[in-house]
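Participant: Spelled out from the first residue to the last, the chains are:
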Amino acid sequence: MMRGLILILLFPLAARAQWIDSSHEVFLPKKLSQTATGFRDYPLFWWNFISLPPDANADLLCSKIYERLQSDVLKLPCHFDAKNLKALTEDWVADLPRRQDFPEDLDRRMGQTLAKASLPMPGELLPLLRSDPLGALTDLRARLERRVHFTKPLEHGTIRDNERILIPVQLAFSPADNGRTRGFIETLMNLCPECKLFGPHVGAWENEARIRSDVANVSIAGVIGMILLAGYILVTRRMRLVLLLPILTLGVYLGAVFTVLIFGSIHGITLAFGPGIIGLALDYGVHAVFLDPRSKHTWRSNLAGLLTTLAILILMIFSQIPLLKQMMVFSVLGLSFSFILFYFFLRRWPRVFMTKAYAFVPGSWKPGEWLALLMLVACPLVFFRPVDISVQNMNYESPSTIEVRDWFAKNAGALNPFWVEEKGDDALESSHATREWAEANGLEYEGLAASLPRAKEQEAHLKTWRTKACARKPLVSDPLKREFFEPFLRSVECARLEPRDIRLFPPEYAADFVSGGRWVSLLFPKNDEQLSKLRAKFPNAHTPREMFEAFPRIFMFELSWMVPVAFLLALGFLWFHFGSALATFYSIVPFLSGLGCWAIAAAVFHLPLTFISLIGLLMVFGFSLDYGIFVVDLLKAKNEGQHGVWSALSVCSFATLAGFAPLVFAYHPVLRDLGHMLLWGSLGTFVGTFWGIPRLYRWRAA
Amino acid sequence: VLSLAFIHVFAWAGSSSGSPVSVEALKKALAKYQNVKTLDVDFHQTKTIKDMKGGKLESSGHLRVERPARVLWKIVRPEPLNVTLDAEKIVITGSDGSTETFKAADAASPRDRRNLEDMLNWLKLDAVAISSSFNVMRLNATTLVFEPKHEGAAMKKLEMSLNPKGDVRELKFLEASGDEMTLSFGQPKIARE
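So the protein lines, in turn, are chains L and D. Each residue of the first sequence is one higher than the last, beginning at 1 in the numbering used here. Each residue of the second sequence is one higher than the last, beginning at 1001 in the numbering used here.
Any given hint could be a false lead.
Unchecked claim - Covered by chain L, according to a simulated footprint, are these stretches of chain D (three or more residues, beta-carbon under 8 angstroms):
(1) 1035-1049
(2) 1057-1067
(3) 1085-1096
Calculated from the structure, these hints are not laboratory results. Source: prediction; values computed, not measured. C-beta atoms are modelled at their ideal positions from N, C-alpha and C, and glycine is treated no differently.
Please put together the full structure from these sequences, using the hints given.
Facilitator: Here is the structure:
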């Protein structure tokens, strides 16, 4: 309660800082978002790629990245440096007694390492030799490179062809950390302005930056639209209409406040959608002030319009896409609060608001009527447009990112392993079971079990070390060896010879496979037989690609029930309101012409029909019914010449268009697709309202 | 001759005093090693590690150079270890037969690759190539100092002492880490082409 009060009072100030969200996960259904987050949090997923022209000095850039961005980089294969992998190598060496029995030839092998150490070498290699007399690190680099599984072998730590050089780099932080990603990208771009990037970090950052920029652009365009509307009202001397704006603003403001109370925050895109809601909500006020605000008939039409719109919007609240859910809640609240406030103020002080209608009746204007008919005829074209429900339509990628991604997929794409989530309570045992199954069935395995034996096996190895290290006699008698190999001897002290508890001390060398205590293993099936065995054994195992590709099915499912239910609900309500099938049909003419208008625009401008455009279509359906109801009520009352309704509709058309049109200036596909559907759908709706319904009505009457 | 010593070649912190040595002068100083087919020499090596209180790493063995570009560095003491180098790879073989191979093409670090290139120049004792990578100075009649021109090398400085016959007698390395290494050579046996 208190939070709500504070929120209401301080919203304008506090919203920017705390309650405005700009994450791009809001586009993804909860399950997809969790999946994406699940993958995203494993360091294995933190590989990004820097693309350079083929003649660029990749060596120099690698050195610069290593020098300037060392703290941001986990692994940089083009600049392999043991010093940078200190924690990882130390852990690997320290676990030697857990992987192997005590070597009886330890003294000889130490001597051999001393011989190696006497050679000239970079300073950072000597500490490694001092901690690793048994050469445990020899195969570590190869092991690390195997985890990435590029289809093209690395050449000097890079992927090359005549077209470009690609530098793989594993960052040291999650893609969720957009602030750090921004810092990394900015520094990198200073080092290499001609570089292009792609990968999970770059994708997340690019989406968020795009959203921020789009929201700013859409907001500015929305405000300009509203100023133009206010200007139109002032120039046409309908000053009292301006009095509706504070009421409307209060209604939409309360809608935003309650949206924050429900969701904990409001997304920038939802707020950018505000002008559209203002345009819609204005309908009821304008309709009332141009007619008689005291008339029950006016408010009955308004209520019918509101309820049909709300029915569709409420239906879409059940969408699995959080952004849509939030937008719809915001719309429902904004429209409802505005309606209630309008009803209260306009009924209470009708004389203050009553406005003289414009002397405008669309009448029988032939070009308009033909246009409406053309749109009605064109609406079946929608069924000939392929529906693109790829999840990629939820994701913004810049042209340069698309270019590099396509090249990578064609030339060097990483293999697509299956991720098997191991049991949390005993991930080591579970990983070994997965590994044994993989070996028995000829699948390649990567994971914790490839590096660390079972606890029982560790114990067996450790026992052989304890007999030496826990004896009174020093493990090594030669003072020179004792001094030189002191780091190694410290790591195998008697007290440290215990099996590793991975829950408390997850090994650094296996950090790629762990996130928040959850472990994954990777399996690489080579043929269909192995694939079917894998699916039978691990039904919950998925490749990242497979998981993302599954989501179009969710979208289809959502549409398959939402569209028919929306239509049935609205049609049932209209039939209830009019008591006539014909009047019900007339009232959906604006929607059908809106649909036709979009179909024509889509054919001309090659607009895709995506999941989001279909959602936009449902919204068009919802608000187009308002206009249908107003006009059919007017025509049924044989009042076509009455100026009030047409005046209201013309102002509302302007307001709605001004609210939705800015969305088409967005670059993010979600906003852009929604914007196009709402813009063209609204435009067609108005043509159908002004000239479509009256023309059909007159034909019927004739 | 002493190519192995240059697997990781050398950066420069400060400048040594002495007069600069031209390419021609370097060619003259290394004249004994021109037209060599094979060269055999015993060595003794001492490495002083800054972080170790008193211990010094000592090793000894035999070096064989086969022109144009193959070197066998055979350590006999403290433990047998063979290191074979050519233009493409380094192979380290232990007394138990275990081998580790480092291919130049696999070297990811630009520094490692550059060092291998330098090493090849030393294998050939190519005075022109060495001069292009190192500043060469003469400290006295029998001592030359080499300073790498490029940054990021593992060594700061190398000092080469020649005996009056023109044989390399001793090499002293000062590594960037502060460790020092001295290589002393016996009487070389040279077979000419």
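Participant: Against this structure, judge whether each hint is valid.
Facilitator: Structure-based check of each hint:
no.: 1; hint: 1035-1049; verdict: holds (count 3)
no.: 2; hint: 1057-1067; verdict: holds (count 3)
no.: 3; hint: 1085-1096; verdict: holds (count 4)
In summary, this structure violates none of the numbered hints.
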